[in-house]
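With the hints as extra help, turn the sequences into a complete structure.
Quick note, the sequences are listed as chains A and B, same order. Under our numbering, the first residue of the first sequence is numbered 1, with each subsequent residue one higher. Under our numbering, the first residue of the second sequence is numbered 1001, with each subsequent residue one higher.
Some clues are possibly wrong.
Beyond 12 Å from chain A on every Cβ pair, some chain B residues (computed) [said to hold, decoys possible]:
#	residue
1	Leu1015
2	Asn1027
3	Trp1092
4	Ala1098
5	Phe1156
6	Gln1166
7	Arg1199
Calculated pairs, DSS-like style, for lysine-lysine (alpha carbon to alpha carbon, straight line, at most 30 Å) [said to hold, decoys possible]:
#	chain 1	residue 1	chain 2	residue 2
8	A	Lys172	A	Lys8
9	A	Lys148	A	Lys119
10	A	Lys119	B	Lys1002
11	A	Lys93	B	Lys1007
12	A	Lys148	B	Lys1044
13	A	Lys275	A	Lys259
14	A	Lys62	B	Lys1002
15	A	Lys16	A	Lys62
16	A	Lys275	A	Lys172
17	B	Lys1007	A	Lys148
18	A	Lys230	A	Lys259
19	A	Lys119	B	Lys1007
20	A	Lys259	A	Lys164
21	B	Lys1002	A	Lys93
22	A	Lys275	A	Lys222
23	A	Lys259	A	Lys222
24	A	Lys16	A	Lys93
25	A	Lys148	A	Lys93
26	A	Lys119	A	Lys172
27	A	Lys93	A	Lys172
28	A	Lys148	A	Lys172
None of these hints come from the bench; they were simulated from the model. Note that CB positions come from ideal geometry on N, CA and C, so glycine has one too.
In case you want the letters, here they are:
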Amino acid sequence: MEAFLEVKDVSRSFGKQQVLQGVSLSIPAGRIVALLGPNGAGKSTLNRILRGELAPHGGQVKVFGQALGTGSLPEGVGILLQQTGFPRVMKVKEALSLTASHFHDPLPIAELLHSLHMKPIHHRSIGELSGGQARLVAFVQALVGRPKLLLLDEPTTGIDLETKSLVWQHLKNFRSQGGSILLATHDMDEAEQLCDDVLLIEQGRVRFNGDVESFRRLVGGKLVRFRAAKLQGLETYSLMGTTTGHFEGLVLDSDRFVKDLVQSGTGFSDLTIQKISLGAAFVSLLNSQNLTRLQGAKL
Amino acid sequence: MKLHAVKEHYRYNLLELSRSPLSLVLNLALPVMVFLVFGAGKTKLPEAANYLTLSFMTYSVLSVVFYQFGAMVAEARGTPWVTTLRALPHGWSSYVLARIGSGLTIALLASLGIYAAAAWSTPITLSVSQTLQALLRIVVGSLPFALLGVWITLFFSRSIAVPLSQFLYFPLCYFGGLWIPYENLPPLAQILSPWFPTRHYGELVWATLDSSWPYQSLGILCGFTALVAALIWRQLHARNENRAD
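Structure representation (structure tokens):
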């Protein structure tokens, strides 16, 4: 089956500065890909290329099998920029009607607003909304054209927890109906909750491109956590004390660690062993030692 | 281009203007004020009053479609709202056409304001059919200048586009003979005048007075329109080398 979004060997520079180099990515139907990377990694430039704002200097981008130029995106793609910037005097309903007017078969706006509990604000001006509410309007704007592919940049920034879970549920439903998403985010909890795959960019190059579990496996190990008054005989492990009287750390072989913990004579309780979080894996992979490991890994 | 999208943008642009009534009043009042100060008292002859009225009506439309419209698009460009609009199907073309349409609507209202001021303060003898024909010529003739405004906003960065529009606006009006009849310009300005497209825009409108068609000026305006349209097309299809917005 053809990928909804296909990025092949894309490069882009600004003057002498190479911002993207040989970036490739493929998103088939029904997948959510987390676009991760530290600040300045090239995520925004990649997003701008995918939105048709910038042309790549090398490589190709295909959306629904068609080469993407600069300018408008085809129907079936919804976008949400990192910043929300509707005109302040514009009313919520107007912003969404204007967006809907560009599509042949837009979603009923009233239905969309209702599903996100936005009905009470649809007659209000954007200038009267909180940052989170305006963000929600931008999210609905991305959905108006019945997209099959969403390009989302930090979609839930500023949104309260309750609404955030509503947005996440929407995105999960979107995926279950065959929709695909490229999700640029710094919120690792969000990436953890939603994403099937990870594209990690660092200094304009792809450092990892694969599923979430493989991403975790690259770092390896598990997160151990236990309560103890004092540690003894566990110097080979990198464990940190917390303010709640716990110690925690990343261990490569959890069975071996439990054995060593018992044998060390440390008095402990409440031991938990969890798989490494996406956030911890991300931070761990971005240290230089692990990047070297990534570069040598078969991706 | 999708007509429904253009209509929705046009409707919203007018709504947006109506929500800033002071700005709307100023937009309409400024050209009338300029006419009353610099045009109305200049003549007691009906023919000269007709000529001046048409000149100032042309100037009022030019100021909206070229300067104000260009400045508005330049200000909006690069904002998240317009960036999102540009990514929508037919996004940019619908947005720009609706801006031109709403700009022209305001410009037409402003030029009707000038007509009313002229009827009140000068001995004009323009018939209804002459006035309607002049308005049609003013609107159609403004197209290349609206396109020039668009090209400037596309080609130059936001910080340059607005002052550049201001810089070009003055000589376009002055050398075109829209403020002072070109026969009354200083000798050097009279020599330069035919090289300005606004002079031919003026010729097209002034010819309403004797119901003629200035074919040479029409040809020059058509050529100028084609040139600016080609520049816009080239700009839209050019790869955005090193552009920050």
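Hints, verified against the model:
1. Leu1015: violated, 7 Å
2. Asn1027: holds, 16 Å
3. Trp1092: Per Cβ check, B/Trp1092 is inside 12 Å of chain A; nearest 7 Å; violated.
4. Ala1098: violated, 10 Å
5. Phe1156: B/Phe1156 is indeed farther than 12 Å from all Cβ atoms of chain A, at 17 Å.
6. Gln1166: holds, 23 Å
7. Arg1199: holds, 35 Å
8. A/Lys172 <-> A/Lys8: holds, 27 Å
9. A/Lys148 <-> A/Lys119: Holds: A/Lys148 and A/Lys119 sit about 25 Å apart, inside 30 Å.
10. A/Lys119 <-> B/Lys1002: Within the cut-off at roughly 28 Å; holds.
11. A/Lys93 <-> B/Lys1007: Distance ~16 Å between A/Lys93 and B/Lys1007 Cα, so the pair holds.
12. A/Lys148 <-> B/Lys1044: Distance of about 68 Å is beyond 30 Å: violated.
13. A/Lys275 <-> A/Lys259: holds, 18 Å
14. A/Lys62 <-> B/Lys1002: Within the cut-off at roughly 24 Å; holds.
15. A/Lys16 <-> A/Lys62: holds, 26 Å
16. A/Lys275 <-> A/Lys172: holds, 22 Å
17. B/Lys1007 <-> A/Lys148: Cα-Cα ~26 Å, so holds.
18. A/Lys230 <-> A/Lys259: Status holds; Cα separation ~17 Å.
19. A/Lys119 <-> B/Lys1007: Holds, at roughly 25 Å.
20. A/Lys259 <-> A/Lys164: Between A/Lys259 and A/Lys164 the Cα gap is close to 41 Å, so the pair fails against 30 Å, i.e. violated.
21. B/Lys1002 <-> A/Lys93: Roughly 20 Å separates the two Cα atoms, so the pair holds.
22. A/Lys275 <-> A/Lys222: holds, 5 Å
23. A/Lys259 <-> A/Lys222: Holds, because 15 Å separates the two Cα atoms, which is no more than 30 Å.
24. A/Lys16 <-> A/Lys93: Roughly 44 Å between the alpha carbons, so the hint for A/Lys16 and A/Lys93 is violated.
25. A/Lys148 <-> A/Lys93: Cα-Cα ~23 Å, so holds.
26. A/Lys119 <-> A/Lys172: Between A/Lys119 and A/Lys172 the Cα gap is close to 22 Å, so the pair holds against 30 Å.
27. A/Lys93 <-> A/Lys172: Distance of about 25 Å is within 30 Å: holds.
28. A/Lys148 <-> A/Lys172: Within the cut-off at roughly 13 Å; holds.
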